[in-house]
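K.L.:
Given the sequences, and given the hints that come with them, work out the whole structure.
Positions 15 to 576 (our numbering) are the ones given, in order, by the sequence shown.
Be aware that a few hints might be false.
Below, a list of computed lysine-lysine pairs in the PhoX-like style, where the Cα atoms sit at most 20 Å apart [as the list claims (entries may be wrong)]: (1) Lys119 - Lys97; (2) Lys293 - Lys335; (3) Lys204 - Lys194; (4) Lys234 - Lys194; (5) Lys303 - Lys293; (6) Lys318 - Lys335; (7) Lys436 - Lys303; (8) Lys408 - Lys304.
Simulated restraints, written as ranges between beta carbons of each label pair [claimed, not checked]: (9) Lys303 - Lys204: 32 to 42 Å; (10) Asp312 - Pro425: 20 to 30 Å; (11) Ile22 - Arg87: 50 to 60 Å; (12) Ile107 - Lys304: 44 to 54 Å; (13) Ala184 - Gly414: 24 to 34 Å; (14) Thr224 - Arg87: 47 to 57 Å; (15) Gly320 - Lys204: 41 to 51 Å; (16) Leu288 - Gln221: 40 to 50 Å; (17) Lys204 - Thr82: 49 to 59 Å.
Hints are computed from structural coordinates only; laboratory data are not their basis.
For each residue, glycine too, the CB sits at the ideal point set by N, CA and C.
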Amino acid sequence: MIRILIFIALIFALSMGYAWLADRPGTVIINWLDTEIELSVLVGINVLMAILVAGIITWGIIRGIFRTPDAVRGFFQARRRDKGYEALSRGFIAVGAGDRALALKASKTSRKFLPDDSMTLMLEAQSAQLSDDSDSARAAFEAMLERPETRLLGLRGLFMEAQRHGEAEAARHFAEEAVKAAPAIAWAGKALMGHQITDGDWSGALQTLTGQGNAKHIDKKTLRRQRAVLLTAQGLELEAGEPEKARALALEAHRLASDLVPAAALAGRVLGRLGDPRKAAKIIETTWKKAPHPDLLDAYEKTKPGESGRERLRRVRHLVKTNPDDRESRLAIIGAQMVAQNWSEARALLGKTLMEAPTRQACELMARLEQDESGNDGRVREWLSRALKAPRDKTWIADGVESEQWAPVSPVTGALDAFEWKAPLEALSADDGLIIDEAMLTAPKPAAEPAMTAPETATAEETVADAEIIEDNKPSEEITLSAEPTEPVTSPSSEASTSEPAEETDAKPEEAGKAEDDTSAEATAADEPDEPQPVEFPLPHAPDDPGPAPSGDDEPKRARLF
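P.N.:
This is the structure we're talking about:
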């Protein structure tokens, strides 16, 4: 609309100009080669405009004649270019669809019509990768390195090819080259850091991580966490040989991530070793409040080695008061109660824990309690058997791999900070084959001593058998045997409690003498065979009753059992 208005305005101005000239007539005289031409002003202007238009037309014709070859060549080039870009389009679609034959055909067509185009090299490389032609793909990516606009693309392609064939050193080299060419590029920094942490190059990984943070490829929270993990990994390597450096690294890691258990445990151990137990305890208490863990308890106890059981219990109570409801806090208190030999308190708290969740560690603690408190091997074996059926406790897990020790990198994917403290998946349900009731949790009652009864009269054969048994158990005792009739061997303690057997013996001396004669005859007959058969007889008295000692030489000789 604006253009139409401008055009109308120009026509109107031109008309006004002609009208103004028509109202003011004049003469234009031209003298050229003895020729004089006289024209009016209006006619002269018209002639001049006609000459200008004719000149423009003539110049266009001449220019068109000279530019015709280029125009013809450009026309055919445009057609070839169009065919090449059309082939590129078909080729990339075929690569995305996985059509290897069409991708190769389109690659050759684009190479024919667009030999110098960068996208032709890209289509070549991807078609070769689709055909598992690694040599052709690498040749295409290496050709990209020669062009500044495709250098990063070539480095990425070579990096992917190296990773695809397990060439770690080559992959790291291409990643480093990409970082040098463009420090702000995301994939190169991430790939380089992945190789650095896999190789244990914690210092290099920290530098790469800093570069990624400066380029805003990582948010601040993730940056702080990953830096804390790398510092902890570096500190663990220096803990034994260079505790001063390990302390600085652990303190910085704890400052960046106060809930990182390995960092706090490392700081506690190193500070305790360097003589600063108060600061070590403060760091561990801070982390225990957020993430209770057995490693923290172990480091906390080592800050003051050699303390008594009651002092240890007092310090553990101070530690767990920041997070008393957590299961790890309960188990820590139970362990400290057992060290302090507070058996009843430990049993009550452990029983409550077992009723809520009978895990393997809780069952093992109960077995240890039974062993330390009463030494009841039967109950110990029962709890150890239950521990085998109980669900396992929390452990370090990364990508399905369980580990007793924390590690900064996943052994499967190589991901940083992949290990988590959690319970593993169980094949059986939590209560399968494991039933806990209150009867199992009560302390065992002391066994009552069996009541002693008066033994019957011991014969010579019984005395000989008893003497052989005692001689096997106590070879240092001297035992004297006699085949003569012996008096009944009774227990002094049992005489007071049971008097009937003694009264019967005193009331019938003839029967006792007759029994002794029969016994002597049997003993004489038993000595005659060359190979006597062993006969098992019960002991004629209680195991702790030595029996009456002989009164003199004139008394019949008896077997002295104890």
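K.L.:
A separate judgement is required for each hint: does it hold in the structure or not?
P.N.:
Outcome of the hint check:
no.	hint	verdict
1	Lys119 - Lys97	holds, 13 Å
2	Lys293 - Lys335	holds, 18 Å
3	Lys204 - Lys194	holds, 13 Å
4	Lys234 - Lys194	violated, 24 Å
5	Lys303 - Lys293	holds, 16 Å
6	Lys318 - Lys335	holds, 19 Å
7	Lys436 - Lys303	holds, 17 Å
8	Lys408 - Lys304	holds, 16 Å
9	Lys303 - Lys204: 32 to 42 Å	holds, 33 Å
10	Asp312 - Pro425: 20 to 30 Å	holds, 24 Å
11	Ile22 - Arg87: 50 to 60 Å	violated, 42 Å
12	Ile107 - Lys304: 44 to 54 Å	holds, 52 Å
13	Ala184 - Gly414: 24 to 34 Å	holds, 29 Å
14	Thr224 - Arg87: 47 to 57 Å	holds, 55 Å
15	Gly320 - Lys204: 41 to 51 Å	holds, 48 Å
16	Leu288 - Gln221: 40 to 50 Å	violated, 28 Å
17	Lys204 - Thr82: 49 to 59 Å	holds, 56 Å
Taken one by one, the earlier hints fail for this structure at numbers 4, 11, 16, listed in ascending order.
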